[in-house]
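K.L.:
In order, the protein sequence lines correspond to chains A and B.
Be aware that the first sequence starts at 12, since it is given in our numbering, and climbs by one per residue.
Be aware that the second sequence starts at 12, since it is given in our numbering, and climbs by one per residue.
Read the hints as simulated data drawn from the structure, not as lab findings.
Incorrect hints may appear among the rest.
Derived BS3-like pairs: lysine-lysine, alpha-carbon spacing no greater than 30 Å straight-line [said to hold, decoys possible]:
#, chain 1, residue 1, chain 2, residue 2
1, A, 649, B, 442
2, B, 434, A, 535
3, A, 735, B, 649
4, A, 649, B, 735
5, B, 735, B, 752
These are the residues of each chain, in order.
Number of protein chains: 2
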Amino acid sequence: MSSLFKQLRVHQIFGANTDVGKTILTTALVRASALKEKSVFYLKPISTGPIEDADDKHVMRFGGKLANKIHAECLFRYNEPVSPHLAAKLMMPGDQSQLIPSDENVVNSIANRIRAHAGSISKHAHMYVETAGGVHSPCLSGSTQADCYRPLFLPTILVGDSKLGGISSTIASYESLLLRGYIIDAVILFQDQYYRNWEYLQPYFAERGIHVSAVHRPPEVLADPSDNFKSTEDYYNSITSTSEENTIPKLVDYLDNCHNLRLHELESMPRRTLDTVWWPFVQHGFVQSENDVTVIDSAYGDFFSVCKRNILQEPNATRSILAPEFDGSASWWTQTMGHAHPSLTLAAAQASGRYGHVMFPQATHLPALNLAERMVHDGPGRGWASRAFFSDNGSTGMEVALKMALRAFSLRHGKGMDSGAKKDLGILGLKGSYHGDTIGAMDACEEGVYTCEWHDAKGYWFEPPSVGIKDGKIIISIPPSISATPKANEIRLPSLSSVYDIEGRLRSSLARAYTLYIERTLEKLEKQGRPKLAALVIEPLVMGAGGMIFVDPLFQRVLIDVVRGRRSGSSSSWSGMPVIFDEVFVGLHRIGMESAGPLLGIYPDISVNAKVLTGGLIPMAITLASKSIFEAFLSDNKAEALLHGHSYTAHPIGCEVANKTLQLLDDLQTSDDWKAAQERWRPLDGTERTVWSFWDPTFVRELSKLPEVDEVMTLGCVLALKVKDASTGYTSQSAQTLLQKLRQFDDGGIGLSVAPGGDAFSVHFRTLGDVAYFITSLNTSPSVIRSIEDRIWKTIAR
Amino acid sequence: MSSLFKQLRVHQIFGANTDVGKTILTTALVRASALKEKSVFYLKPISTGPIEDADDKHVMRFGGKLANKIHAECLFRYNEPVSPHLAAKLMMPGDQSQLIPSDENVVNSIANRIRAHAGSISKHAHMYVETAGGVHSPCLSGSTQADCYRPLFLPTILVGDSKLGGISSTIASYESLLLRGYIIDAVILFQDQYYRNWEYLQPYFAERGIHVSAVHRPPEVLADPSDNFKSTEDYYNSITSTSEENTIPKLVDYLDNCHNLRLHELESMPRRTLDTVWWPFVQHGFVQSENDVTVIDSAYGDFFSVCKRNILQEPNATRSILAPEFDGSASWWTQTMGHAHPSLTLAAAQASGRYGHVMFPQATHLPALNLAERMVHDGPGRGWASRAFFSDNGSTGMEVALKMALRAFSLRHGKGMDSGAKKDLGILGLKGSYHGDTIGAMDACEEGVYTCEWHDAKGYWFEPPSVGIKDGKIIISIPPSISATPKANEIRLPSLSSVYDIEGRLRSSLARAYTLYIERTLEKLEKQGRPKLAALVIEPLVMGAGGMIFVDPLFQRVLIDVVRGRRSGSSSSWSGMPVIFDEVFVGLHRIGMESAGPLLGIYPDISVNAKVLTGGLIPMAITLASKSIFEAFLSDNKAEALLHGHSYTAHPIGCEVANKTLQLLDDLQTSDDWKAAQERWRPLDGTERTVWSFWDPTFVRELSKLPEVDEVMTLGCVLALKVKDASTGYTSQSAQTLLQKLRQFDDGGIGLSVAPGGDAFSVHFRTLGDVAYFITSLNTSPSVIRSIEDRIWKTIAR
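Model the full structure from these sequences, guided by the hints.
P.N.:
The following block contains the structure:
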């Protein structure tokens, strides 16, 4: 992960093309740094071509009398003067190709060298990492350098191209670096007096906040080696001497300044944040110290790169100020392909470049249309949905769903109902539900922790039976309200798979008990006359914000059956009351399935997707509706349309990012990692339809047996861990306290290799009162998950 | 604007660098097209270097016996073999530099040639437009080609680089094209048997849905001209013959296929949209025909590029299927810098590449922190705000504002108030208010058109006096409820500036009348005991969705003064009840000022910004709050925090796009266009504080005198036009009917030159019942605005 050291200023040097003078200008930088009495480290990660021409040799050769201050090295060397991926292939043909170093190898090797140098110095030093060829020249594995080196997130110098066409290659290279989020401190290039590219590029980059240094061209290569050496040496002397007009020494000072500003910025961010930002869901009364603010400098894959304030404040720190922190809640359950995935960035950029945003009412554009079709016909809406309605987030998507359901219900059953009665139409749901923080979505939930002055819960909420693993056993916990006999409060099932075998369980006595209980409750409510229930709203299988409650799926299925009067799932019109699935959290494979409908054996009339939908990049939601719900809004009166819309409805960037995400999810579904995880969870009885998790079944079971742990449960990416605690609920700190060590930096070297760069890492996790939960991305590698499991285990079972 | 013709397939050819074989491969394409019995047009917009080496000459020279089918031309020719911007400068030095063709000139000239060719053919033909150098080589004006040619939005062929380093330059060039949204149909490059770039690039681009053609290298250049000609001719013959393995003829077929698929896609989009999409605010019962669906193929600056279905369906159409349509509502009031502004795309891309999205509670990242500081200290919050709270759109931003205000009020005044009473706390506002479509935001408005079953309006809304220009006169219309004498219902003021001179008007008798009326009404409400008012919520100066109602600013000022008990604006704690400014529509210069506070001479306790905030690209909102509001949520109880948050709270992309937007707005404020518009509106009396508009004052006045027009009003980007009509309100069609002609295609050549490419254009406008409104971006050029004024005038005064 991004390394940043107080005493060692490191820059990576990318070229706008091959043969633009990268090595010459880097050598000049190295010499100028050494002239400033600095130790200088030069690193060429990958070199191709004969050793006598190698860049690290050139650097040492022209280190001259400064050579004692300069350390130059190369990590991977190949003889053929071609692109690294080809050079490696030529050296390791055919069955040796597995010997070609992976991106991870390369990145970890560079990170090791940086760490080693940072540890070896006693005063300020400089380091230059010179890449090969252009920004997108392939690395050994074949991925391009701009992508391969991204985990290191090193501050960057771009060597521009001074030749004809060089303006273009310089700007295009700059944009490719920008797309990976790199901090570009400077552009440096030769002054070609004919093409004069620097004259164009200086104001161009100044506008973009980037410094451009233009340096005299080197002399022509001379035939005689010693003449050539002398002339080159003179050249280096002339451009690195600290005379007034020389740009290289000035650039070195400028880069020092960039480094210091970055340190200062990281130092100042917590205070500035505490002074201006109002965080969501945070009691600011508790956050008094700058140490309590997580400064996220960048993010990549599963990891944040966070600032370690204690190291930043150590006077002679030799450890990196930035360290990886596993994003253990997938950033509030949004991350899908990990942070900063280039495919999603490019999808966003392309839509932005083609449309920006364009208004949507009575209009269409490809990103929105493709997404609507995918979601309706070949996604969560498959088999039941007819329309896609776009809004901005899960909460607004649920407001739309509620507006749809209430209208459909009141058109059919609201004859003679006055507007007051319509305002009081209620929701049937489950205790612990959460549908978002806008007030309409809140009103569909019980009043509890998530409340506000206007929260006016409308409806009735059943206390649901739940599924969990307690002391190694799969247990359905039945609340006393359902189970007449206290003894039957817990039912044990042989496997998770059997819990989710709905068709099998529909014939059980428990199903009959659920049915009876639900029917009686609804009859009682009907007799009371209020609340007048108009829609059934559930989060299928897991209630997230309510505390990661895994609801007994049989209860949800029976509830829907009862409400619909046992209507068959294929009927084209809703019956009883419209059924809404809030799949904002659970949908699109977060819990190991695209949608809960097929597992429950029943489809909703309305459903909502968000979060994973846009791959963890930007907000957007889709509310799907069946034909009969849509038709409730058709009339010859404009005011009877669904009068809901947001300025950025169906914004092309969100739609295109969603299209790309769904495509990447298709690929993941057949990936080896997914297949292996599914295989681990396949029950012994060999049933085909099953549930599965990215977390290891043995780990999960053993965890549930620990004395501190009350209950564990997992599906898909989600691992929930309920701590034994007398005081439960949202304000409980018990889970936080138990697992606090995970967030601490000093990991004693556990799993050193799984974080980018092989860095020691901490784990950012979230709690909901006495429940701690961990949520991975959908492409988190098994080795990272095993490593997190190991840490959780060691933290609790210490 | 994007030209697309049924019979003429046009591709632009970009090079990954200079000297990659662009002309040779284009010549091969031209020959292969001609061999397929097509007319072929070759266009070199800009050529630099000696005429004997010019690319168009090469194409004709090697047209051979096919030359009768080939038409090659060059538009701008410069002798010096350097980048076009430099070649032009060398030819037009110093005081002649104004003779260098502008980007608009270049684009219009190309568009003219394409139109001319499309009109000249009777059967299918091909056209190739060969650019100069690399994708970012500067055009004559100095902007790079990828940007300069973007308005034409031509389907693109990228000529890849087969040399060492060519993988990088090809991918980087591809990404720069992607950032501009270009449709890239194919990559073509030479097969270099040593570097083998094509072997890498073929699978790379296949993954990205792009076809790669690799072609044998041309022979070495021979010293003898006639030998060289012969060898070149043989080469062209060999690569363009229609033999099995030849890629060039196959590529021509492939490009034909891309063209046909695009036509087919445009043809199918309306039906597919009508079958799957549920639009916001649209009565689908009214939209039965595919002709009623606006297909937006791309957008640029102020214009959509829309598909003209009638032309698409003409059997022998010679006009372009795509035509520009002026985005006359700034896409629901969001557009700021016009569509697809490269700076905003790059800002989005950089944030995506650095962070993706990262969770925000108790964390910080630079894009969010910089934005919060800007908004609080150096933006709309200047002088009063203390904190920035992020949410996803104007509606959620308002829900946050309401939650803040209700909590602050009930903490101070809610002692002994039960939760039922808190649910009934009411809002003081104005009739015609609109704060978004989530139910909490709706409840802060009267029940009217924008309603739903759960809408439960809580509060009291004054009927406000309004400002308008009637028959050339500036009129304040006082509703009968305020004015006791019917005669005084209309008050005339000398200028718009005098209307907005609040300090001056505070001493008027009207101010006293307002004060008395408001005080009496509030006393009466207090006596009634309900609604118990807890917050004053206003859209300062203009109520947008309510019908572009320009409220008398004096009334709003007096209302706030009365509510606050004439508290001075500088007090640090709120008084009376918290005051919320909903500046989602009016804020950030949409109506010619950053915020209405300074003009009203008073600041809110809470305010909301969205729309312009993110430059018209993606959704995000910020709710600003004063210190005393923030402190109402500080406690030692976690559950008393502001429990509102969205998954993507403070998403880095949105924050970084907002930061860039605010920076661009800073530049605009000192731009010549803005100064000129302000100058036009400066009142004769020379007062310094004034209001202004992008629309011409004379046009506005004259428009108001037309017999069909009841009233006109303008501020900043907004022009509102109320039509004389017996039936008013949301469902009225009168404004739509009056202005229908603006949306029609055949513009009789009015303002031909202002749309990109000089195309004929239509005007997309929106109505709210009997009000039609037009809203420009904040950088719409005066010539475009004049042209729209001209059309509006001619449409109504026909």
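K.L.:
Confirm or reject each hint.
P.N.:
We went through each hint and held it up to the structure:
1. For the suggested pair residue 649 of chain A and residue 442 of chain B, the alpha carbons sit about 21 Å apart, so the restraint of at most 30 Å is met.
2. The suggested pairing of residue 434 of chain B with residue 535 of chain A holds, with an alpha-carbon distance near 27 Å, which does not exceed 30 Å.
3. Between residue 735 of chain A and residue 649 of chain B the alpha-carbon distance is near 21 Å, which keeps this suggested pair within the 30 Å criterion.
4. Annotation: proposed proximity of residue 649 of chain A to residue 735 of chain B holds, straight-line Cα distance about 21 Å (limit 30 Å).
5. For the hint pairing residue 735 of chain B with residue 752 of chain B, the CA-to-CA distance comes to about 18 Å; that is within 30 Å, so the pair holds.
Violation of the numbered hints given earlier is absent; every hint is satisfied by the structure.
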